[in-house]
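Chains A and B, in that order, give the protein sequences.
So the first sequence is residues 1 to 113, counted in the working numbering.
So the second sequence is residues 1001 to 1115, counted in the working numbering.
There's no promise every hint is true.
As the list claims (entries may be wrong) - Straight-line Cα separation of at most 30 Å, BS3-like style, residue types lysine-lysine; simulated pairs:
1. K44/A / K1069/B
2. K41/A / K22/A
3. K40/A / K1102/B
No wet-lab data here; the hints were simulated from the structure.
The structure displayed is predicted, hence computed values, not measured ones.
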Amino acid sequence: DTAVSQTPKYLVTQMGNDKSIKCEQNLGHDTMYWYKQDSKKFLKIMFSYNNKELIINETVPNRFSPKSPDKAHLNLHINSLELGDSAVYFCASSQGGATGGYTFGSGTRLTVV
Amino acid sequence: DAKTTQPPSMDCAEGRAANLPCNHSTISGNEYVYWYRQIHSQGPQYIIHGLKNNETNEMASLIITEDRKSSTLILPHATLRDTAVYYCIVRPSVAGGTSYGKLTFGQGTILTVHP
């Protein structure tokens, strides 16, 4: 009964490939996020979706394209992977308009070789 | 940029209280103070949040100064499993706008609980 689940947990791929990371939450939240944690351990928001609508889009290369088929899912597709994309990607969810905490997934460690 | 300042690291003996400070001198009236922690290789975990009043839950207590420019997270009886990076974050409470929902993480405080 995992609240926010991400797949895969680990992803190793070559430069230039296209890959996707999937995220699902069963909390009934209406807002989902993608965060990136780089090698220096800084956590930065990439995207936020509320009821399938994009509401936050930080300065992320357009090789990154989030897709939200419904409010329980937010997938991240990355085209033409580069070495600098290597990081841990965290999905999170919250109830928009509420002040409660966010629930994060366990992360996907992406390694580009 | 993060609107909070935290010490980079702290130590605490197991069983003792861990008091983690945070400065947020530019906090606005509609901004909450949130605390999260990240245990090695795991996703951040929500601990507690507050606006003006002190708060307590099963994990911790949050003490916010009267002027709201600083706060302290208290883990009353630290255990080895509390070793983690602790993040203090301010976040607006009003819905709408592009900043709503965005958590801006700083460097946090590495808390090491030792036997």
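Structure-based check of each hint:
Using a Cα cut-off of 30 Å, the hinted pair K44/A and K1069/B holds, with the two alpha carbons roughly 24 Å apart. A C-alpha spacing of about 22 Å is found between K41/A and K22/A, which places the hinted pair at or below 30 Å, so the restraint holds. Distance hint between K40/A and K1102/B is fulfilled; the C-alpha atoms sit about 20 Å from each other, no more than 30 Å.
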